[in-house]
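Sequences are here, hints too, so could you generate the full structure?
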Amino acid sequence: MSLPEDSVVRDRSLAQQRARSAFWFLAPMLVALLIVAAWPLMRTIYFSFTNTSLTNLYGGEWIGFDNYLSYRQLSSGRVIWRGTLVDPAWWNAVWNTVKFSVISVSLETFFGLIVALVLNAEFKGRGFVRAAILIPWAIPTIVSARMWGWMLNDQFGIINDMMLRLGLIEQKIAWTANIETAMIAVIVVDVWKTTPFMALLCLAGLQMIPRDIYEAAKLDGVNPIKTFFRVTLPLVKPALMVAVIFRMLDALRIFDLVYVLTPNSAATKTMSVISRENLIDFDKFAYGSAQSTLLFAMIAIFVSAYIWLGKVDLSGGGRK
Amino acid sequence: MAQTIRKAFYGSVAFSVLLGGVAAADEITYVSGIVGNAVENFKEIVKPWEEATGHTVTLVPMPSSTTDQFGQYRLWLAAGNEDIDVYQTDVIWAPQLADQFIDLTEAAADLAPQHFESIIESQTVDGRLVALPIYTDAPALYYRTDLLEKHGAEVPKTWEELTETAQMIQDAERAEGNSDLWGFVWQGNAYEGLTCNALEWVKSFGGGQIVEPDGTISIYNDQAIAAVELAASWPGTISPEGVLAYQEEEARGVWQTGNAVFMRNWPYAYTLGNSDDSAVKGKFGATTLPTGGGNDESAATLGGWNVAVSKYSQNQEAATSLVLYLAGKEAQKTRTLIASNLPTIIELYDDADIAEQQPIIPQWKDVFLQAVPRPSAPTKVKYNEVSSKFWSAVHNTLSGDGTAAENLELLELELEDLKGGGW
Numbered sequence: 001m002s003l004p005e006d007s008v009v010r011d012r013s014l015a016q017q018r019a020r021s022a023f024w025f026l027a028p029m030l031v032a033l034l035i036v037a038a039w040p041l042m043r044t045i046y047f048s049f050t051n052t053s054l055t056n057l058y059g060g061e062w063i064g065f066d067n068y069l070s071y072r073q074l075s076s077g078r079v080i081w082r083g084t085l086v087d088p089a090w091w092n093a094v095w096n097t098v099k100f101s102v103i104s105v106s107l108e109t110f111f112g113l114i115v116a117l118v119l120n121a122e123f124k125g126r127g128f129v130r131a132a133i134l135i136p137w138a139i140p141t142i143v144s145a146r147m148w149g150w151m152l153n154d155q156f157g158i159i160n161d162m163m164l165r166l167g168l169i170e171q172k173i174a175w176t177a178n179i180e181t182a183m184i185a186v187i188v189v190d191v192w193k194t195t196p197f198m199a200l201l202c203l204a205g206l207q208m209i210p211r212d213i214y215e216a217a218k219l220d221g222v223n224p225i226k227t228f229f230r231v232t233l234p235l236v237k238p239a240l241m242v243a244v245i246f247r248m249l250d251a252l253r254i255f256d257l258v259y260v261l262t263p264n265s266a267a268t269k270t271m272s273v274i275s276r277e278n279l280i281d282f283d284k285f286a287y288g289s290a291q292s293t294l295l296f297a298m299i300a301i302f303v304s305a306y307i308w309l310g311k312v313d314l315s316g317g318g319r320k
Numbered sequence: 001m002a003q004t005i006r007k008a009f010y011g012s013v014a015f016s017v018l019l020g021g022v023a024a025a026d027e028i029t030y031v032s033g034i035v036g037n038a039v040e041n042f043k044e045i046v047k048p049w050e051e052a053t054g055h056t057v058t059l060v061p062m063p064s065s066t067t068d069q070f071g072q073y074r075l076w077l078a079a080g081n082e083d084i085d086v087y088q089t090d091v092i093w094a095p096q097l098a099d100q101f102i103d104l105t106e107a108a109a110d111l112a113p114q115h116f117e118s119i120i121e122s123q124t125v126d127g128r129l130v131a132l133p134i135y136t137d138a139p140a141l142y143y144r145t146d147l148l149e150k151h152g153a154e155v156p157k158t159w160e161e162l163t164e165t166a167q168m169i170q171d172a173e174r175a176e177g178n179s180d181l182w183g184f185v186w187q188g189n190a191y192e193g194l195t196c197n198a199l200e201w202v203k204s205f206g207g208g209q210i211v212e213p214d215g216t217i218s219i220y221n222d223q224a225i226a227a228v229e230l231a232a233s234w235p236g237t238i239s240p241e242g243v244l245a246y247q248e249e250e251a252r253g254v255w256q257t258g259n260a261v262f263m264r265n266w267p268y269a270y271t272l273g274n275s276d277d278s279a280v281k282g283k284f285g286a287t288t289l290p291t292g293g294g295n296d297e298s299a300a301t302l303g304g305w306n307v308a309v310s311k312y313s314q315n316q317e318a319a320t321s322l323v324l325y326l327a328g329k330e331a332q333k334t335r336t337l338i339a340s341n342l343p344t345i346i347e348l349y350d351d352a353d354i355a356e357q358q359p360i361i362p363q364w365k366d367v368f369l370q371a372v373p374r375p376s377a378p379t380k381v382k383y384n385e386v387s388s389k390f391w392s393a394v395h396n397t398l399s400g401d402g403t404a405a406e407n408l409e410l411l412e413l414e415l416e417d418l419k420g421g422g423w
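In the order they appear, the protein sequences are chains A and B.
For the first sequence, counting from 1, position 87 maps to 87 in full-length UniProt numbering; every step adds exactly one.
For the second sequence, counting from 1, position 399 maps to 399 in full-length UniProt numbering; every step adds exactly one.
None of the hints are false.
No farther apart than 20 Å at their CA atoms in a straight line, the calculated lysine to aspartate or glutamate pairs in the DMTMM-like style are these:
no.	chain 1	residue 1	chain 2	residue 2
1	B	K380	B	E121
2	B	K419	A	D66
3	B	K380	A	D283
4	A	K99	B	D401
5	B	K333	B	E347
6	B	K419	A	D283
7	B	K311	B	D83
8	B	K333	B	E50
9	B	K47	B	E317
10	B	K329	B	E117
11	B	K365	B	E297
12	B	K419	A	D87
13	B	K365	B	D351
14	B	K365	B	E117
Not everything, but these chain A residues come out facing chain B in the computed CB check (under 10 Å):
no.	residue
15	S53
16	N56
17	D154
18	K172
19	A174
20	W175
21	T176
22	D283
Hints were generated in silico from the structure; no laboratory data involved.
In this text, all values refer to a predicted model and were calculated from it rather than measured experimentally.
We treat Cβ as the ideally placed atom computed from N, Cα and C, and that holds for glycine.
Written out as structure tokens, the structure reads:
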């Protein structure tokens with residue numbers, strides 16, 4: 001009579017034991033995360049509510065939400081709003097960042113999928129091509145930004161030279177300096193750099209699809225385009241959604257590419273660029289912290305919304 | 001084999017004991033932004049000091065943009081970094097970094113009076129001398145003597161003349177097939193260098209100096225608008241459109257490959273332009289920057305570099321000895337001869353060797369005496385933000401985003417907001 005109960009107890013204690021040992025195995029990583037991620041994050045958020053300056057990191061006083069939004073009434077009765085939430089430079093940076101992220105991630109997903117489809121096909125030398133295509137991703141961003149900076153140079157750049165020779169343009173274009181083309185240049189370089197990464201993630205997704213589905217489709221005489229939209233795309237979608245989220249996280253905090261490739265003009269300044277400027281150059285450490293905090297909050301909200309709306313399965317394995 | 005290794009080991013121990021016994025040889029770390037041949041030049045300049053004291057100096061090179069350097073220095077100093085002993089600092093940084101450097105007043109008691117008084121003053125904050133000048137800087141107009149002669153043109157005295165002459169020569173040369181030639185190259189990237197360029201336009205038009213020494217904001221006026229408006233007509237006509245992303249070295253690149261008629265740049269470009277691999281060697285001269293808008297006084301932004309000892313340095317004694325040497329007569333003379341940097345020791349302008357090997361330097365004394373300081377003294381710790389707002393307003397105008405009048409009016413408002421109750 002008591003036997004089944006006994007085994008339930010034993011099962012439960014076994015489960016508890018497993019959970020305990022799992023916790024101990026994870027503990028070092030949790031501690032590391034607390035030190036390198038949670039602590040700096042909390043400190044930044046704390047700084048954003050103070051008037052700390054970089055020269056005196058420990059002398060800041062609590063000033064509440066003033067770095068975000070505050071108002072002062074002038075003697076004439078006019079009310080002046082201050083803080084980063086009414087700072088046009090900040091909203092310009094937000095707009096730049098969003099524009100950059102949406103366009104570049106869309107392009108990268110599109111091209112990444114195409115590259116992955118090509119690589120998924122059987123052909124001679126596939127291993128070599130797969131390795132070769134990863135090169136842009138392997139080059140550090142700073143290096144590729146500099147390299148592209150030279151290639152896009154208006155006077156000596158190879159891009160202008162080639163386009164001139166091909167008769168595509170009439171005169172040399174200052175790609176990174178002109179406010180109309182600077183953002184395009186940044187996006188092009190980012191797409192060049194990150195498409196391999198997207199391709200890799202898409203390829204992993206493609207390889208999960210069982211081959212017999214395609215054989216069945218072939219036997220039924222379904223044309224390849226229909227096969228792609230009805231079979232490949234739905235099946236690769238979970239992998240694609242995860243890939244997009246990874247890229248989006250990266251793109252929203254873009255800094256190095258913009259900073260190195262373009263002049264420091266309002267046309268390309270992103271949220272990270274502008275908060276760094278306040279943190280370090282302008283002696284407004286607290287204000288910059290407020291902007292960093294907003295950047296963090298925006299990324300957190302965006303990613304949560306995306307996971308929720310897109311029903312992205314981050315647990316892996318497709319189990320719900 | 002083992003024998004030799006053991007021998008070498010004992011040998012090196014004996015050697016280091018010996019060294020330690022003779023003198024504590026310190027290793028000084030010196031950090032500086034790099035343009036042109038700065039790394040090679042620095043080695044040559046410090047060699048006599050290294051030989052005399054037995055200490056060694058390691059140069060840590062930084063990007064050439066002063067704005068980038070400042071950010072890095074700021075972080076290091078805020079973190080109390082002990083790795084850097086000596087910082088090479090821009091003339092505008094003294095008020096912002098004063099707390100992080102040691103007071104050199106006593107150590108430099110004999111040396112300081114030999115320098116231009118205004119420069120020593122600019123590095124003195126609340127009675128503390130925080131940095132010593134190693135050279136001063138005032139930009140000049142570089143012009144191609146061969147091209148001016150060929151097309152029968154004079155060296156322009158005003159910005160308007162420069163615009164015309166540059167256009168005329170550029171058109172004529174291009175018609176002859178010299179399609180890469182541009183009229184005028186300068187520094188239009190949105191950084192501290194654009195503040196220098198634009199301050200020169202504004203001041204030489206009689207439009208004041210952004211924020212006056214007494215703290216009043218003066219930038220929104222007709223002369224300043226006219227000056228910026230004229231400059232905005234250059235990109236795409238006499239200057240390549242890419243000038244909006246140029247710093248000093250990019251401008252020098254176009255110039256030194258022989259592709260520009262005029263260039264605005266600092267004295268360091270003089271020696272480099274006359275180096276053996278330069279396409280313009282012996283084909284150019286340098287003069288004071290033009291005036292404009294009917295005003296007859298030209299203006300050159302006062303630049304210049306200084307050396308300061310970090311409060312966090314573990315080798316303050318040796319570091320102080322190094323900065324005294326670098327700011328001293330011997331090092332400044334060497335620097336002038338090999339790098340055409342302007343000395344800050346008054347006496348050197350009458351030095352016979354300098355007059356012979358760098359004939360341009362004694363003439364530069366006049367450029368330097370007309371130099372206009374950036375408003376770093378009146379705006380104190382807010383200077384960087386003032387400068388950034390100014391260069392942004394100008395960069396926007398140059399890129400065609402709003403007119404000069406619109407942008408400068410907005411700038412005035414922003415600066416007033418920033419000023420608040422006072423600088």
